[in-house]
Every structure is written in C-alpha cells, then in structure tokens.
Amino acid sequence: MKKQFDSILIAVPILVIMSSFFLPFVLVGPVQQALFQPESNWFFYTPFINYIICFASLLLLGIILAVFRYIYASTEQKKPLLHLVFVLALIPGVIGVAFSVDHYYYLDDTGIAYSGLLQFGQESEVWEDVESLVFVTKSENGKAKGTELIFKLENNTGLVFNASGYLSDERKLIQGRLNDLDIATDSVFEQRES
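Under my numbering, the letters of the sequence shown match residues 6 to 199, in that order.
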C-alpha cells in the first residue's frame, strides 16, 4: 500500500507539470463553451491571457505536489499539519484555473456579455445603451498584433476588449450585425515600427 501511494506521489506531480503545457488549450475552451456560451451568440472570445493563467496555475499545482512529495518522503512522522499546509498551498492554483475559465466576452442579439479577469459572474450591456464600436488594430512592421474592440456607451463610459490578431472574419460579422442594429462602427489602424 505504501509503495503504491509513493508511486502515485511521484507520478502525479510529473503528469500535472507535463500537462500544464497542453491542458489549458484542452480545458479552457470546452469548459467555457459548456458553461457560458449561449447558443444565441454570434461572437465569443476567450482572451489569450486565460491560457497563460491556466498554464501557470497548473504548473504551480505540479510544483506544489512535487514539493509535498519531497517533504512527505523525507519526514519520518506523517503530521496532519503537513496535510493541511499542502491543501492550503493548492488553493491559489485552483483559484487561478477557475479565473482562467471565467474570463470571456460575447455578443448576441440582446447585447454584450462579459466576465472580467478578476471577477466571478457575468455583466452585460444591452444594445440600446451602445452608441458605437471602434476596432483599433495595432500592427507592427505590417503585421497585426492585436485588436481592441472599444464600445462607447450612452452614459459616456466605454468597454474595451482586447483580442489577439486582426479578427477579419469576425469583424465583418460584427459590423454587419451592428449595422442592422443602427450602431455605428469604425476602424482605426495604429502602426508601430520596431
């Protein structure tokens, strides 16, 4: 029994660390699709930072498991305090994975729905409160490096969402839908030389 537990304590940290490199791409999208993406949306975006946070959180969990394995193997007497510290040390990694899954935005026929990086829960704005949308495409040496979607609201506030890449296909879809809703759209290109 002890040998089996020891082999598990060796295998699990290695598997978690190795899987941290690909698991974010397998985990974040499908979980968001299952939990948050309504069928009525016509644009859903997961910021790339989600994948980085999920990677870092899983890597942290793997390192904590490896440290626990080392301490567990080198301690003669198994103390309940050691188990408590181990469980408490896992909490930041689990929270990081949860935050990485709960950060998104989407557009549908009712408006804009979004969940910020450091918040749980969804907020939304209805299309009646949106005055305009500006696509700000940032490019470096002729290559698109990212796009900001800046929604101007009627109360003189705004919502800014960052997207990686140019969003060419999505831009046409969003502009067409917003034109149907009589919401002005514009495009701005910012060129930066390196």
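It cannot be assumed that every hint is accurate.
As the list claims (entries may be wrong) - Mimicking EDC-like on lysine to aspartate or glutamate, the simulated pairs with C-alpha atoms at most 20 Å apart in a straight line are: (1) K177 / D187; (2) K157 / D113; (3) K157 / E195; (4) K143 / E198; (5) K157 / D185; (6) K177 / E153; (7) K157 / E128; (8) K143 / E175; (9) K177 / E128; (10) K177 / E136; (11) K157 / E133; (12) K150 / D185; (13) K150 / D174; (14) K143 / E195; (15) K148 / E175; (16) K157 / E130; (17) K157 / D187; (18) K150 / E175; (19) K143 / E153; (20) K150 / E198; (21) K150 / E195; (22) K177 / D191; (23) K177 / D114; (24) K157 / E198; (25) K157 / D134; (26) K148 / E195; (27) K148 / D113.
Bear in mind the hints are in silico, worked out from the structure with no lab data behind them. Only a predicted model underlies this, so the values are computations on that prediction, with no experimental measurement involved.
Hint check:
no., hint, verdict
1, K177 / D187, "15 Å, holds"
2, K157 / D113, "17 Å, holds"
3, K157 / E195, "19 Å, holds"
4, K143 / E198, "11 Å, holds"
5, K157 / D185, "17 Å, holds"
6, K177 / E153, "15 Å, holds"
7, K157 / E128, "16 Å, holds"
8, K143 / E175, "16 Å, holds"
9, K177 / E128, "25 Å, violated"
10, K177 / E136, "18 Å, holds"
11, K157 / E133, "12 Å, holds"
12, K150 / D185, "29 Å, violated"
13, K150 / D174, "16 Å, holds"
14, K143 / E195, "5 Å, holds"
15, K148 / E175, "18 Å, holds"
16, K157 / E130, "11 Å, holds"
17, K157 / D187, "14 Å, holds"
18, K150 / E175, "16 Å, holds"
19, K143 / E153, "8 Å, holds"
20, K150 / E198, "12 Å, holds"
21, K150 / E195, "10 Å, holds"
22, K177 / D191, "12 Å, holds"
23, K177 / D114, "16 Å, holds"
24, K157 / E198, "29 Å, violated"
25, K157 / D134, "9 Å, holds"
26, K148 / E195, "11 Å, holds"
27, K148 / D113, "29 Å, violated"
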